[in-house]
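Colleague: Chain residues, written in single-letter form:
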Amino acid sequence: MEGTGHAVCLGPDIDTDIIIAGRYLRTKDRSVWAEHVLEDLDPALAPRLRGAVIVAGRNMGCGSSREQAPVALKEAGVLAVIAPSFARIFFRNAINVGLPVIECDGVPCTAGEPVAFSLDEGWVKAGGVRYNARPLSVRMQEILDAGGLVNYWRAKE
Amino acid sequence: MTTLSERILGACAGEYVDRLVDRAFAHDGTGVLALEAFREMGRTVPAFPERISIFFDHLAPANNSQTATLQAELRDFAIECGLHFSDVGEGICHQLMSEGRALPGEIVVGADSHSCTAGAFGAFATGVGATDMAAIWAGGSTWFRVPETTAIQLEGSLTGAAEAKDLALTYVGRLGMDGATYRALEFTGEGASAIAMEGRLTLTNMAIEAGAKTGLFYADNITRRYLAEYGHDVTMQVPRDPDYAQEMVINLDDIVPVLSIPHRVDTIADVTDYEGTPLDQVFVGTCTNGRYSDIERFAALIRGKKVKTRTIVVPASRDVLLRAGRTGVLTDLIEAGCIVGPPGCGPCLGMHMGVLGEGEVALSTANRNFRNRMGVGAEYYLGSVATAAASALAGGICAPEVP
Numbered sequence: 001m002e003g004t005g006h007a008v009c010l011g012p013d014i015d016t017d018i019i020i021a022g023r024y025l026r027t028k029d030r031s032v033w034a035e036h037v038l039e040d041l042d043p044a045l046a047p048r049l050r051g052a053v054i055v056a057g058r059n060m061g062c063g064s065s066r067e068q069a070p071v072a073l074k075e076a077g078v079l080a081v082i083a084p085s086f087a088r089i090f091f092r093n094a095i096n097v098g099l100p101v102i103e104c105d106g107v108p109c110t111a112g113e114p115v116a117f118s119l120d121e122g123w124v125k126a127g128g129v130r131y132n133a134r135p136l137s138v139r140m141q142e143i144l145d146a147g148g149l150v151n152y153w154r155a156k157e
Numbered sequence: 001m002t003t004l005s006e007r008i009l010g011a012c013a014g015e016y017v018d019r020l021v022d023r024a025f026a027h028d029g030t031g032v033l034a035l036e037a038f039r040e041m042g043r044t045v046p047a048f049p050e051r052i053s054i055f056f057d058h059l060a061p062a063n064n065s066q067t068a069t070l071q072a073e074l075r076d077f078a079i080e081c082g083l084h085f086s087d088v089g090e091g092i093c094h095q096l097m098s099e100g101r102a103l104p105g106e107i108v109v110g111a112d113s114h115s116c117t118a119g120a121f122g123a124f125a126t127g128v129g130a131t132d133m134a135a136i137w138a139g140g141s142t143w144f145r146v147p148e149t150t151a152i153q154l155e156g157s158l159t160g161a162a163e164a165k166d167l168a169l170t171y172v173g174r175l176g177m178d179g180a181t182y183r184a185l186e187f188t189g190e191g192a193s194a195i196a197m198e199g200r201l202t203l204t205n206m207a208i209e210a211g212a213k214t215g216l217f218y219a220d221n222i223t224r225r226y227l228a229e230y231g232h233d234v235t236m237q238v239p240r241d242p243d244y245a246q247e248m249v250i251n252l253d254d255i256v257p258v259l260s261i262p263h264r265v266d267t268i269a270d271v272t273d274y275e276g277t278p279l280d281q282v283f284v285g286t287c288t289n290g291r292y293s294d295i296e297r298f299a300a301l302i303r304g305k306k307v308k309t310r311t312i313v314v315p316a317s318r319d320v321l322l323r324a325g326r327t328g329v330l331t332d333l334i335e336a337g338c339i340v341g342p343p344g345c346g347p348c349l350g351m352h353m354g355v356l357g358e359g360e361v362a363l364s365t366a367n368r369n370f371r372n373r374m375g376v377g378a379e380y381y382l383g384s385v386a387t388a389a390a391s392a393l394a395g396g397i398c399a400p401e402v403p
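So the sequences go chain by chain: H and A. Just so it is clear: in the first sequence, position 79 is 79 by this note's numbering, and no numbers are missing. Just so it is clear: in the second sequence, position 33 is 33 by this note's numbering, and no numbers are missing.
These aren't lab readings, by the way, just hints derived from the structure by calculation.
Some chain H residues close to chain A (C-beta under 7 Å, calculated; not the full set):
(1) D13
(2) D15
(3) D17
(4) G22
(5) E67
(6) A87
(7) R88
(8) I89
(9) R139
(10) V150
From the derived model, a few chain A residues whose C-beta atoms are all more than 10 Å from chain H:
(11) R75
(12) I79
(13) L103
(14) K306
(15) G354
(16) G396
FRET-style restraints, in silico, Cβ to Cβ:
(17) A/D233 to H/A116: 53 to 61 Å
(18) A/K306 to H/D105: 53 to 61 Å
(19) H/G128 to A/V238: 51 to 59 Å
(20) H/R134 to A/N64: 41 to 49 Å
(21) A/D254 to H/D105: 32 to 40 Å
(22) H/R134 to A/G325: 49 to 57 Å
(23) H/E121 to A/L20: 30 to 38 Å
(24) H/P135 to A/V256: 40 to 48 Å
(25) A/I339 to H/R23: 17 to 25 Å
(26) H/D29 to A/V402: 48 to 56 Å
(27) H/P135 to A/N63: 38 to 46 Å
(28) A/D220 to H/R50: 52 to 60 Å
Ideal Cβ placement from N, Cα and C applies to all residues, glycine included.
Please work from the sequences and hints to get the whole structure.
Modeller: Rendered as C-alpha cells:
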C-alpha cells in the first residue's frame with residue numbers, strides 16, 4: 001500500500017476526544033463524524049483532510065477507545081497518519097478500520113507540502129528525504145491489506 | 001523471570017500471541033458499533049455468549065430518543081443471544097466487572113479504554129475498540145503483543161489526607177501521558193500490599209492515562225477477602241523475581257493531595273497551589289472514584305454542612321447506591337445539598353447529565369481532563385475524593401484537612 005497526499009500537521013498527544021467529540025457519538029452515521037472531525041482543534045480543518053497525510057506528534061490518538069476517531073479521519077479522506085508513536089488502542093483501531101498508520105521518527109511537517117508513504121517498503125518521504133518506518137506486525141499488515149478487520153474476517157470464513 | 005502479564009499470556013514480552021478471552025465486555029457507547037461490525041462479519045450468534053457482558057452506562061438512562069433507539073437494538077441482541085446484560089441504572093462496566101466478574105489470572109478485554117481497571121485483581125485486563133470486540137464475539141479470541149512491564153514499587157504508607165487517587169495522579173504525572181505506551185504496569189512492594197481493593201482499582205484504572213496496556217496488582221489476601229464476598233475462592237499470585245523493563249520507586253509517605261491541571265492528565269500540582277480557584281461544579285463518581293468507600297468518605301466529610309457549589313454525586317453501581325441508602329450516606333449527601341445521579345458514567349465524557357458550560361470551571365474525581373471533554377469551553381481539575389469534599393464546602397479549590 002502506498003500513496004501521496006498533502007501534509008496536515010498535528011501536535012503531540014492528540015486525544016480521541018479532540019478527534020471526534022463525545023457529543024457526536026450518538027449516531028451510526030459516519031458522515032456526521034467526518035463533518036466534525038478535529039472540530040474542537042480547528043473548525044476549518046475537516047474539509048482540508050480529503051487526500052491528506054496527517055503528520056502528528058508522539059502519542060497520537062491517546063485516551064478513549066472510541067473507534068469513531070479513526071473512522072472519522074478515514075471518512076474525511078485522510079490517506080494515512082504518520083507519527084513517532086501512537087496510543088495502542090487507536091493504533092489497533094486504525095488498522096481495524098483500514099486506515100494506514102505509520103510509526104516513523106523525525107518526519108518534518110510543512111502544511112500542504114506533499115508527503116509520500118509506502119507500507120510495503122516501509123518508508124515515508126517528505127521534503128525530498130526518505131525516512132524509515134517501523135514495520136507493522138504480520139497480523140496487522142494482513143488486516144490492513146484486507147481493508148480492515150471486518151473484511152479480514154469475511155475472507156477467512 | 002516472568003512478569004505477571006507474561007505468566008497470564010504464556011509468552012515472553014515482545015511476542016505476538018492469540019489467546020481466548022475469558023471475559024469480554026462492551027457498553028452502550030462501543031457496543032453499538034461492535035454489533036454493526038459483528039453483523040458485517042456475517043455473524044449472528046457469538047462463539048462464547050456466556051463470556052460476554054453488555055453494560056449500559058455511558059448514556060444511562062438514555063438522553064434522547066436517538067440514543068434510546070440505538071440502545072434498544074443492542075439490548076435486543078444481548079437478550080436474544082443470552083449474553084450477560086446490565087441495563088441502564090445498574091452502573092459502570094468497570095465497577096460491575098469488579099463486583100465479582102473478573103478473577104486473578106484471567107484475560108479480560110473490554111471495549112473501553114479503562115478496561116485496565118480489572119488488573120487490580122491480577123487479571124490481564126485491557127481495552128480495545130469496537131471491531132476488535134466484534135471479532136472476539138465472533139471467534140472468542142484476539143491477538144496480543146505481550147507487553148514489557150514498568151514496575152511501580154510502592155514503599156511506606158499513605159499519610160495525612162492523601163488518597164490512592166493522589167498516588168494515581170502522581171504516577172501518571174511522573175510517567176507522562178505516553179510514559180508507559182505499549183507497556184504494562186505492575187504495582188509491587190510492601191506499600192502495594194497495604195492498599196485496599198478499592199484504592200487498587202483507582203490505581204489500575206488510570207494506567208491508560210500513562211498509555212499503559214494494563215496495570216496489575218498481584219492477587220493477595222486483600223484480593224481473596226474482597227472476592228470471597230462475591231462467592232469466589234481465588235488463589236494468590238506471588239511475584240517470581242520478574243524482569244522489568246523499567247522500575248519506578250514511589251514512597252507513599254511523600255504523597256500529598258494533588259490536582260491534574262487542565263487540560264492534561266499528566267500536569268500535576270499540589271492542591272495548595274490552586275487554593276481559592278472558584279468552582280462552578282464538583283463531580284464525584286466514575287470508574288475512578290465512584291465506589292462505596294469513595295461516596296461514604298465524601299459524605300462523612302460534608303455531613304451536617306452545606307456545599308457551596310453545584311455538587312453532583314454519581315454512584316458507580318446500583319450496589320453502591322443501595323449501600324449508600326442503607327447506611328444513611330445518601331441522606332447525608334442530599335441534606336448537604338448534593339445532586340445524586342443514577343448509577344453510570346454521569347457527566348465524565350460530556351454526553352449526559354451534568355456537562356459543563358462554556359467558561360465554567362469544575363473539579364472532578366474522574367480520570368480525564370482533556371479539552372472540551374466534559375463540556376465545550378470548560379476547564380476542569382482532577383482530584384481526590386477528600387479534595388472534592390473540601391472544595392465543595394468551600395465553593396472553590398481547597399486542600400483537604402488532615403483527618
